[in-house]
Amino acid sequence: MSHRTLAGAGLVIGYERTRPVLDGATLTVPAGRRLAVLGANGSGKTTLLRCLSGALRPLAGTVTLDGVPLAHSRRGLREHRQVVQLVLQDPDDQLFSASVAQDVSFGPLNLGLPEDAVRSRVVEALDLLAVGHLAGRPSHQLSFGERKRVAIAGAVAMRPCVLLLDEPTAGLDPSAVADTLAALTRLQEHDSTVVMSTHDVDLALRWADDVAVVVDRTVVQGPPEDMLGNDALLARARLERPWALTVGARLRALGLLPEGTLPRDAAGLLAALPDRPGVPT
Amino acid sequence: MSHRTLAGAGLVIGYERTRPVLDGATLTVPAGRRLAVLGANGSGKTTLLRCLSGALRPLAGTVTLDGVPLAHSRRGLREHRQVVQLVLQDPDDQLFSASVAQDVSFGPLNLGLPEDAVRSRVVEALDLLAVGHLAGRPSHQLSFGERKRVAIAGAVAMRPCVLLLDEPTAGLDPSAVADTLAALTRLQEHDSTVVMSTHDVDLALRWADDVAVVVDRTVVQGPPEDMLGNDALLARARLERPWALTVGARLRALGLLPEGTLPRDAAGLLAALPDRPGVPT
Amino acid sequence: MHIAEGFLPPAHAIGWTVAAAPFVVHGARAVVREVRENPESTLLLGAAGAFTFVLSAIKLPSITGSSSHPTGTGAGAILFRPPVMALLGTVVLLFQALLLAHGGLTTLGANAVAFAVVGPWVGYGAYRLTRALGGGLLPGVFAGTAVADLATYVTTSLQLALAFPDPTGGLAGAVVKFLGVFGVTQIPLAIGEGLLGVLLFRALTVNARPELERLGVLRPAAPAAEGPA
Amino acid sequence: MSGLAIDDAAWSSAWRWRSPTDKLLLCLGLVVCASVLPAWPGDVLVGATATALALGPARVPPRIFGRAVRLPMTFIALGTVTAVLSIDDGGIGWAPDAAERAGSLAGSALAGSTAVLLLATTTPISDLLPALRRLGVPAAVVEVASVVYRLVFVLLDSLRTIREAQTARMGYSSLRRTYRSSGALAAAVLTRSWDRARRLQEGLAGRGMETGLRVLPEVLPSSWVFLGATALGVGAIVSVSVALS
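Protein chains in written order, with the UniProt record's numbering: chain A, 1 to 281; chain B, 1 to 281; chain C, 1 to 229; chain D, 1 to 245.
To be clear, the hints were calculated from the coordinates, so they are not data collected in a lab.
These numbers come from a predicted model, not from an experiment.
We put the beta carbon where it would ideally sit given N, CA and C, even for glycine.
Possibly wrong hints are sitting among the right ones.
Pairwise CB distance ranges (calculated) [what the hints assert, rightly or not]:
#1 B:R19 <-> C:L171: 52 to 58 Å
#2 A:R186 <-> C:H26: 48 to 54 Å
#3 C:L129 <-> B:P69: 55 to 61 Å
#4 C:P220 <-> B:R186: 40 to 46 Å
Go ahead and model the full structure; you've got the sequences and the hints to work with.
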């Protein structure tokens, strides 16, 4: 595994009978960086990820991997899937086997690996997601958060260079979100480039190195502060400005925060604020 | 319809084979006030709501309505269900008819109302949820946010005095959350007491008049600021302190916010902060 | 009511297993062929089997006050055809034996004959006959599901009568006894299952028309534009 | 998701990590004993052995085992009584050897059910399916069965939740409404199962599904001690029965 650059250019993706869901979407997933794909419900985030993963063939435009266009042939797709993996939002759409270990073994077996290698991949993937202790449990006894992480492990066992996650934190409570984010950091250190879709602007600000906003059937990409501080863009995308930027901007105007990048979350804000009154920065 | 007081005292609720999910939970839903039931995934929020709605019979303890204990007889449950309605988290578990209007009519028809009354209830419920324009559409063509609101309308058409909502904002983007909260306010003005379960502490602080935290198999209830500012309680409940309280406390220490109740969200915080530097409050 | 484990004499258990085998093997061949042509049908067939299992968790009250669970054999046969139901039904019976302590392993063959072979085939026959005689989809479904339910329980009664002939009345006496207990009492419940079948298909014609067309239960309404699925 | 009691027991049984083939041989041995041997003492020994093994070394919760043993009881009671009733022109009466026949019939059914239950409460179906494959069942059939097993729980969960939602809205408050609600429930679960299959298909295609749903079963090696004990135990039951009857 190594980080690789996945990109889409001029993507027109549509379903029958309606106008395209995305019409000329262009984005780049920079190798090794965290990209958050932001958008309202129904904006086309999932469609975009499915197209990047090869599951959906665009009507126009190309998906490229390190600059090489994806061929939608059987062989092209097979090669693409060894590099790019998509994890769907609902874990029950991915877990087809009642046994956790058997489910995770499915992908590596399809790669034609010998049994020993498959077994070690299963252990590795479950450990990376910190769900190794669930290997012997049936998926129907797991909680929603556990099923979500097992579903991610099923993709991780393919050792993808780029991992696309559709709303990996949706429906999770704060501690499960923290566990998932920690797992994603481990994956990144393990040389997988991680992309997540979300409509949680606070999470995107906190987590992402880059943000792609899906808006008006296209994609606008840039640094988190620029994208998430752009009120016109956010309004068009039916999203909100993260509170940290709203509050941070006012505090900076009050002279309480230094110039430069604003803190991205409550911890960062507390660290940047003076400790006692009357000590202006 | 009128606001009525729903309460549970000493509730022990469990499924067979395991120790109880809740063991001695007591809470009161004050008539006409907004109660948020907070808890991590798997803490027992849903179980508690199901018990209050009559769907689950507690092993011990009683559910009361205006002080009258709920009888788990056929007749007792029937009467209870006309007063208390529960909306489950996944809208697809509640939409089982061909069209939106048909689905919403399911409850009123089962009440044995004449057709005219059923029709007007359907229109009323859909309008309260601001989804009247969807009446003729098949439910499976709706977006997730729309389906969630139609599912709520199905319960609202029963004209419940108390409406229990399990995670009504889970999976919704900011604008859909805002629409849902606006609809809940209309319901409250329409004399339904509204209870919602959530693990979103920021939302609970912003929305609720009262907070009940489900923690260690029991329930701790109190004003939002007390509950959500209690770090020991939140840690036990695997929840986080809302950012507004964290940041607000520091800003108050810095002399930038007046004593008294802290602002509950970004807008409140901006309003409470001074406009220009050097104007201490 | 499935015949419980150990209830049949060994010779009968073996005999019914042998009788069920060709149908189940034929069904298995059909499944293998189908999966080879369309690998994705593994999931659709799995979903069909799971649905048949879950359908028996629905409790149907009867006018007489008793209640029972639908067999699902008729609805399954109309939707998925009798050969496939022979296999899926047997898988479901195996799962019922292991997950619900309902039926058994040595009696799997006997139960498969009643629930996975006779019920589906007779029910499907009644469905096709009703439709051929000009009955619409819903009358056909009613006939198919009710007759399948009844045929299943008549078969179970005959199996038990064969195993336990009456000491004085002989086989005929035993048939009367077991029909009385397992067959005739089933008539109101068979009507109940027929009604459920009608309600199920009526909902499906509105909610899931494309699927019914794909399964060949409904003919495509109009030469509608065929989009790539 | 809430499961099924017997299945829950199987996943948490102390015998979960024993070879499914070993457990299958033991239970089949007991099942054969139950149907071949006379009620006394054969069936009693089989029933006692299966129960002792389940509650003892396999540590199946007694409440679950006890409840599961009672499940086939209605059929056994009804079937047995019908079998030993006799019809002659005078009317209905007991067959001459009614008590003895009833005992042997109910005995072998109960003993057999207990033996199958020992297998069911110690072995998850996903461990048994690979054994079917080794017995020559085509891969496609085993794969369909494994999807059935997984989806049963997903659909049961939907069924329970939808039914609860319908009940809350007075769905089952009369006979007519019960039928209406049940029809809608069955249709909703069926359409769900189709959706689920379609979306699983896409999820699996992404993980390289081309021909089948091959998975790697856990390695659960056979134990010679267990097999030896099985042979000895079944042999002992047979000899004691033959000697005493």
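Consistency of the hints with the structure:
1. B:R19 <-> C:L171: 52 to 58 Å: The hint (52 to 58 Å, Cβ to Cβ) holds, given that R19 (chain B) and L171 (chain C) are roughly 55 Å apart.
2. A:R186 <-> C:H26: 48 to 54 Å: Since the Cβ atoms of R186 (chain A) and H26 (chain C) sit about 51 Å apart, the hinted range of 48 to 54 Å holds.
3. C:L129 <-> B:P69: 55 to 61 Å: This hint holds: roughly 57 Å between Cβ atoms.
4. C:P220 <-> B:R186: 40 to 46 Å: 44 Å, holds
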